[in-house]
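Colleague: Order-wise, the sequence lines are chains A and B.
Every letter in the first sequence is one number past the one before it in this note's numbering, and letter 116, counting from 1, is 116.
Every letter in the second sequence is one number past the one before it in this note's numbering, and letter 175, counting from 1, is 175.
Since the hints were made in silico from the structure, they are not lab data.
You may find that some hints are simply not true.
Footprint (simulated), chain B over chain A, 3 or more residues, beta carbon under 8 Å [unchecked claim]:
| no. | region |
| --- | --- |
| 1 | 27-41 |
| 2 | 74-82 |
| 3 | 185-191 |
Since the model is a prediction, treat every value here as computed from it, not as a measurement.
C-beta atoms are modelled at their ideal positions from N, C-alpha and C, and glycine is treated no differently.
Protein chains: 2
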Amino acid sequence: MIEVSDQSGDPAEFPITKRNRAKRMRDRARYDTETVYELLDSALICHIAYVIEGQPYCTPTLFWRRGNDVIWHGSVGSKMLMAQSKSIDVCLTVSFLDGIVLTRSAFHHSVNYRSAMLFGQAQVIEDPQEIDREVEDLIENFLPDRNELLIPATPLERKQAVFLKMPIDEAVAKVRTQASSIEPAENDGHPVWAGEIPIEVRIGRAVPSSTLGPDVGLSPELEWYREGGRLDTTLLEIRRRAGRSK
Amino acid sequence: MIEVSDQSGDPAEFPITKRNRAKRMRDRARYDTETVYELLDSALICHIAYVIEGQPYCTPTLFWRRGNDVIWHGSVGSKMLMAQSKSIDVCLTVSFLDGIVLTRSAFHHSVNYRSAMLFGQAQVIEDPQEIDREVEDLIENFLPDRNELLIPATPLERKQAVFLKMPIDEAVAKVRTQASSIEPAENDGHPVWAGEIPIEVRIGRAVPSSTLGPDVGLSPELEWYREGGRLDTTLLEIRRRAGRSK
Numbered sequence: 001m002i003e004v005s006d007q008s009g010d011p012a013e014f015p016i017t018k019r020n021r022a023k024r025m026r027d028r029a030r031y032d033t034e035t036v037y038e039l040l041d042s043a044l045i046c047h048i049a050y051v052i053e054g055q056p057y058c059t060p061t062l063f064w065r066r067g068n069d070v071i072w073h074g075s076v077g078s079k080m081l082m083a084q085s086k087s088i089d090v091c092l093t094v095s096f097l098d099g100i101v102l103t104r105s106a107f108h109h110s111v112n113y114r115s116a117m118l119f120g121q122a123q124v125i126e127d128p129q130e131i132d133r134e135v136e137d138l139i140e141n142f143l144p145d146r147n148e149l150l151i152p153a154t155p156l157e158r159k160q161a162v163f164l165k166m167p168i169d170e171a172v173a174k175v176r177t178q179a180s181s182i183e184p185a186e187n188d189g190h191p192v193w194a195g196e197i198p199i200e201v202r203i204g205r206a207v208p209s210s211t212l213g214p215d216v217g218l219s220p221e222l223e224w225y226r227e228g229g230r231l232d233t234t235l236l237e238i239r240r241r242a243g244r245s246k
Numbered sequence: 001m002i003e004v005s006d007q008s009g010d011p012a013e014f015p016i017t018k019r020n021r022a023k024r025m026r027d028r029a030r031y032d033t034e035t036v037y038e039l040l041d042s043a044l045i046c047h048i049a050y051v052i053e054g055q056p057y058c059t060p061t062l063f064w065r066r067g068n069d070v071i072w073h074g075s076v077g078s079k080m081l082m083a084q085s086k087s088i089d090v091c092l093t094v095s096f097l098d099g100i101v102l103t104r105s106a107f108h109h110s111v112n113y114r115s116a117m118l119f120g121q122a123q124v125i126e127d128p129q130e131i132d133r134e135v136e137d138l139i140e141n142f143l144p145d146r147n148e149l150l151i152p153a154t155p156l157e158r159k160q161a162v163f164l165k166m167p168i169d170e171a172v173a174k175v176r177t178q179a180s181s182i183e184p185a186e187n188d189g190h191p192v193w194a195g196e197i198p199i200e201v202r203i204g205r206a207v208p209s210s211t212l213g214p215d216v217g218l219s220p221e222l223e224w225y226r227e228g229g230r231l232d233t234t235l236l237e238i239r240r241r242a243g244r245s246k
């Protein structure tokens with residue numbers, strides 16, 4: 001059912017099913033992997049919905065993508081990780097609030113946003129070599145080449161982490177970029193301000209640890225995190241340049 | 001089971017149950033309404049987890065708080081709204097990524113964040129007067145006094161919206177503010193930069209609609225949205241000053 005597009009084996013389009021079909025606002029919905037992957041690669045944190053004994057939970061989590069898999073991790077003692085490791089259905093969502101849209105009519109007020117909603121089943125990574133790779137990528141996916149500068153995780157520390165991988169079975173991206181032009185032209189004469197207030201996630205100025213010696217400067221991977229830069233485009237650039245997401 | 005703190009009838013602390021008890025990182029968990037309400041009032045968008053036929057979904061949604069209720073809305077045709085209107089269990093989460101924490105040891109890397117996870121059952125608002133109030137508050141909750149400047153929603157437009165209300169049964173807030181001081185002091189001598197990269201959601205410069213006449217200036221509620229301001233503190237201030245969240 002998944003159309004294969006290239007040598008990597010990644011699909012070009014996700015299948016459209018009952019789960020991911022957009023019921024409303026169909027012009028905002030996209031099912032191509034290019035759009036979905038770009039949204040994932042622009043995010044550091046996702047929200048994951050999962051069910052324990054009939055009760056849904058929604059947990060914010062750091063994650064990363066490789067090919068058609070998304071990966072996240074947590075402590076062996078985490079309630080979320082223990083539940084998810086039993087191959088239950090999960091829904092992983094990333095979202096970006098891009099702007100508040102003000103119109104002349106109350107009804108047409110809205111927000112501009114981008115989101116991707118993924119469906120699949122998570123599985124615990126058991127293979128030691130695969131775990132080694134994820135231990136590296138956990139940092140590498142947003143701080144390229146930093147691992148080689150660090151004190152590596154001890155065997156005891158590594159035993160405290162569990163990595164979960166979810167092949168993306170289905171996904172839907174939604175992108176709304178319209179500004180106030182959405183309201184009927186007959187509203188134009190109504191004398192109230194209309195337009196968009198842009199919202200952006202920005203990087204602040206790096207704050208050194210209070211225990212940092214005066215002779216220790218910023219390491220090269222910090223150069224990506226320019227003060228005032230956007231987090232989403234920075235992450236996307238890191239992942240594309242470093243080829244981390246392939 | 002809920003301890004009542006003041007004349008508003010709002011609890012001072014949410015009960016701690018199997019659902020909301022923090023299993024790990026207990027020093028980060030808080031159950032007081034003051035912390036939970038402040039996090040809710042700092043957010044425009046939440047993520048809601050809910051279950052349809054055993055399948056969890058995670059949907060980003062605009063919401064607002066009044067007392068111990070959270071309210072959101074959507075189209076009558078929305079799959080999410082239709083499912084939630086059947087009084088099913090939902091979990092509503094807000095989260096703020098505040099910083100990326102870099103340490104000398106790979107293991108101690110982390111993020112600073114604030115989150116609140118709420119549990120309850122959503123119900124459709126049926127009372128016409130209550131619907132009137134939510135139609136107003138949908139805009140009022142982040143654009144105070146704008147309603148009186150607008151073309152009001154027509155009866156037909158109002159019929160397209162469904163409002164859902166969820167009394168908060170249980171909640172847990174998690175706040176992590178530690179910087180790199182978390183790692184053992186013996187790491188201090190390791191010569192790599194350690195500290196925090198702050199992350200902030202910022203307001204951009206308002207972009208007028210292409211159809212806006214040259215004589216229509218910014219309306220007063222736009223003054224809250226100062227270019228470069230933080231969205232979370234701006235929303236919190238709007239809601240506290242306007243008393244919208246009481």
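Colleague: All hints, please: hold or fail.
Modeller: Outcome of the hint check:
1. 27-41: violated (count 0)
2. 74-82: holds (count 4)
3. 185-191: Three-residue rule met by the region 185-191 of chain A, so holds; n is 6.
Hint 1 alone, counting from the list given before, is not met by this structure.
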